[in-house]
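Visitor: Place chain L on chain H using the hints.
Protein chains in written order, with this note's numbering: chain H, 3 to 603; chain L, 5 to 384.
Think of the hints as simulated: they come from the structure by calculation, not from any bench. Don't take every hint at face value.
Straight-line Cα separation of at most 35 Å, DSBU-like style, residue types lysine-lysine; simulated pairs [as the list claims (entries may be wrong)]:
1) H:320 - H:252
2) L:119 - H:252
3) L:229 - H:252
Computed footprint of chain L on chain H; a stretch qualifies when at least three of its residues, placed anywhere within it, have a C-beta under 8 Å from a C-beta of chain L [said to hold, decoys possible]:
4) 385-395
5) 412-426
6) 461-468
7) 498-510
8) 530-539
Glycine included, each C-beta is placed from N, C-alpha and C at the ideal position.
Listed below, chain by chain, are the residues.
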Amino acid sequence: MAAPKKGRRSSGSQGRPGRALVAILVAIVALTAGMFISGHTKPRLGIDLAGGTSFTLEAKNQPGKPNAINSDNMNTAVNIIERRVNGLGVSEAEVQTQGDKHIIVNIPKGMDAKQARTQVGTTAQLYFRPVVTYTDGKKTKPTASPTPTATGTGKSNDKGKASSTPTATGATGTPSASSASSSSQGRAVSEGLKADKTPSASESPSASESPKASETPKATETPKGESSKADDLTKQLADLECTTPADRAKAREKAAGAKPSDSVVACDRDGSRKFILGPSQVEGTDVKNAASVYDSQGGGGWIVELNFTGSGGKKWAKVTGELAKQQPPQNQFAIVLDGEVYSDPRVDESIVGGRAQISGPDFDQKNTSDLANVLSYGALPLSFDIADETTVSAALGGEQLEAGLIAGAIGLALVVVYLVVYYRGLALIALASLAVSAVLSYTIMVLLGPGIGFALNLPAVCGAIVAIGITADSFIVYFERIRDEIREGRTLRPAVERGWPRARRTILVSDFVSFLAAAVLYIVTVGKVQGFAFTLGLTTLLDVVVVFLFTKPLMTILARRKFFASGHPWSGLDPRRLGAKPPLRRSRRTTATAPADPKEA
Amino acid sequence: MSRLGTLGARLYRGEVGYDFVGKRKIWYGISILITITAIVGLAVRGLNLGIEFSGGAVFETPKTSVSASHAREVAESASGGHTAVVQELGRGGLRIQISELGTKEALPVQEKLAKELDVKTSEIETQLVGPSWGEEIANKAWQGLAIFMVLVVIYLAIAFEWRMALAALIALIHDLTITVGVYALVGFEVTPGTVIGLLTILGYSLYDTVVVFDGLKEASKDLTKQTRFTYSEIANRSLNSTLVRSINTTVVALLPVGALLFIGGGALGAGMLNDISLALFVGLAAGAYSSIFIATPLVADLKERDPQMKALAKRVRAKRASAAAKADSDSDAEQKPQDVTPQPRAEDGDEPTPAAAGAGQRRQPTSRGRGRGRPSGKRR
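Just chain H, same shape as in the assembly:
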């Protein structure tokens, strides 16, 4: 749609009105067929019409880390939140970024808003916790559990005991076989964590440090408290159920709620194993970044590379130094995000220099990048506030939809009545065009549901209703042009063709302005305004399509019919009613008008 040019001749459409009509008919049939084939016959409804809860989260930079709000970080956050929300058992939850620093979470009806809120509103926490022990994911009886002392402190103490428990040692070799399908689990076994460089002398200093001294203040607690806590953990581990997603969600919530300095029990992501994990040694914020790379030199295949911050690297060196000396499984550390164990690689040596790699036999591009995402999220210097929360019950949603539809129907009926009264026979063309426009809009909206996740919400319904006016206006512009031509004394067929180029220009220019408004709003604005702009833009585009491919060709064809061509009183094109006077034919109106009758003004 460019600037209108004078004297642009109508090309083509004049001669072959049939083709355009066939084209649009084919489009309608194709869209309708597509709609039925895709299995969606109704547009996807937004939360405000279908019921449900919608959250708007606002990203905030964490203290000391400005400029963290960028699209990479936001997308990672969206992934994490999606995982969390869908983990609640609702698979249709929808998480997407909105504007620069907002994330919209739509959760359909049938879900507890409160639970959703805790899931959505809390900041994800990534911890590296040493593995104390693990068993398979079922509820177990507290029998041959590892020694309680394992908790938190003094790993060297319980080394022997822990390794002696069958679960712990056996597991190191087996899980990969038992769950080869799960990447995270299979990975766990043979994953090795290697220093990026060759192990250096720095290993010894860290090893030489007294493990106990370096431990958290808990070490100073009385042995009694320690052991009772550990007993408690063992019991918790036994009671922990990781088999169903709901159980896991519960476990995750609990583990995520625990303090980093406490030992926790946690489930593996697929629920096949459960862990007792020591206090967090390194936190997610210690990670500078993580990436999935293909190690072509070392022949290791896909690996995850980790970079730590300065202080994080030091902590990491110390922790890995300690871990490396332990027996399996206590030489493993668990990567825990939101209380869920994502991976538990083994540490073979102290890793200094702040860089590390995680490798495993069944690592591929997908699971390494997943893991890298998880690790990055821990480094994500973002926290989220709930900026808006709207809960709409299904009943109210239905009511609003109904009201919108009724309003649309009434509005449409009024427009129809007005058009019929004013344009009579021409109104038929207008109505047919409106109908075509309606069918096109409807099918496209339905198809866009699964296509790009378009959801019809209340503002979108308003946009569609408003569009009735814009669409009808195109016909009015054209009809008035035709009538003007008839008033100048032309017969219908030339009037239809002569009126078109001028009407077309007007329609294009005005629709372009309308579309421009919609496009700018869609790009710039957020939230509900965007949904409205989308419908408005879509219907404006369709208006152009319909006028060009349907209204004009139909008009050309109908102009050949006697009813219209002869100017039947009900055709809306009766020259006499339009005020075209017989002597005006073929004469220039300016000269023809006798100076006798201009007094009416």
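Guide: This is chain L only, laid out in the frame that chain H set:
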């Protein structure tokens, strides 16, 4: 219809018409008055911002037997002293609005309300808004508005000319000011729905203006090659000939919006439908008004300053004067009926630009002479 149709024809031929351009000063005056009222209203009363902008919580309950005042007490005590506004909804429920309530504080209130009103927590519609989100919506809307205005001015300047772009922009600002002013004066609540409505006016108001300008552009083609009419006269005539379309368009646009307003307001009480349609209704009416009474006369005014148009106006005047002189000497009797323009004659003499030309005078080079000062004939 027949009468309407004939009226359309006569408007088209310029037999009847209203002198929009000639009487522009009246309409400018009215618009300035309305705009000033709107601005004063905005300054004095300010906008009644909904909780979407100020932050807070809205709860809507299903049908309940609990009285509004009791619900308010419950809400206020549960929220720890925040003021609650309770409205009864059409369908028997209550709408409880607590402003400046944080999203975290709102939860206990919701639970308390559910308990008191004996409904399930999940049946209470909630909307909790942190103040930043509303700000974000508003800021983005302003940003969109600014970008759109710049783009549209550029586009109109290319498609038409800068004078029309400028006039369209002024008309647009005029519409927006009036709409915002109505909101301030009447005290309607401003919600995101209002913002949507307001933004739609952008497109719509311009859409209307563009259609009128398109007619004007066509009518003023080859203008300088004739000496019968000045630009203003052409503008006025083209305005009158597109009048039918303008009215039809406005009616057709207002009908669905009116239906939305009626249904949204009548059936649902408050809500998004109502908010959008209210803003649209006011804005559309203002838009239709401004595209006819403000935008085109403004273009005419600007255009008459153009040297080319000045020269044209001069030629037209000269021609008319000579024709009038001739006619005068011929016969006085013939003179009078020709003077059919609804134009105030006095202006003609005083004005440097003869912008105030009538609609009905395109047929004859009538007896309009500069400073002739004859009492006008059969004006209507």
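Visitor: Could you run down the list of hints and mark each one as holding or not?
Guide: Taking the hints in turn, this is what the structure says about them:
Between the alpha carbons of residue 320 (chain H) and residue 252 (chain H) the distance comes to roughly 33 Å, so the proposed pair stays at or under 35 Å and holds. Distance check on the hinted pair: residue 119 (chain L) and residue 252 (chain H) sit about 26 Å apart at the alpha-carbon level, within 35 Å; holds. Between residue 229 (chain L) and residue 252 (chain H) the alpha-carbon distance is near 85 Å, which puts this suggested pair outside the 35 Å criterion. With a cut-off of 8 Å between beta carbons, the stretch 385-395 of chain H has 9 residues touching chain L; three or more are needed, and the interface restraint holds.
Only residues whose beta carbon comes within less than 8 Å of a beta carbon in chain L count, and the stretch 412-426 of chain H has 10; three or more means the coverage holds. Residues of the stretch 461-468 of chain H lying with their CB closer than 8 Å to a CB of chain L number 6, which satisfies the three-residue condition for coverage. Requiring three or more residues with a Cβ within less than 8 Å of a Cβ of chain L, the coverage given for the stretch 498-510 of chain H holds, as 3 such residues are present. With a threshold of 8 Å between beta carbons, the proposed coverage of the stretch 530-539 of chain H by chain L holds, since 5 of its residues qualify and at least three are required.
Violated hint for the displayed structure: number 3, the only one.
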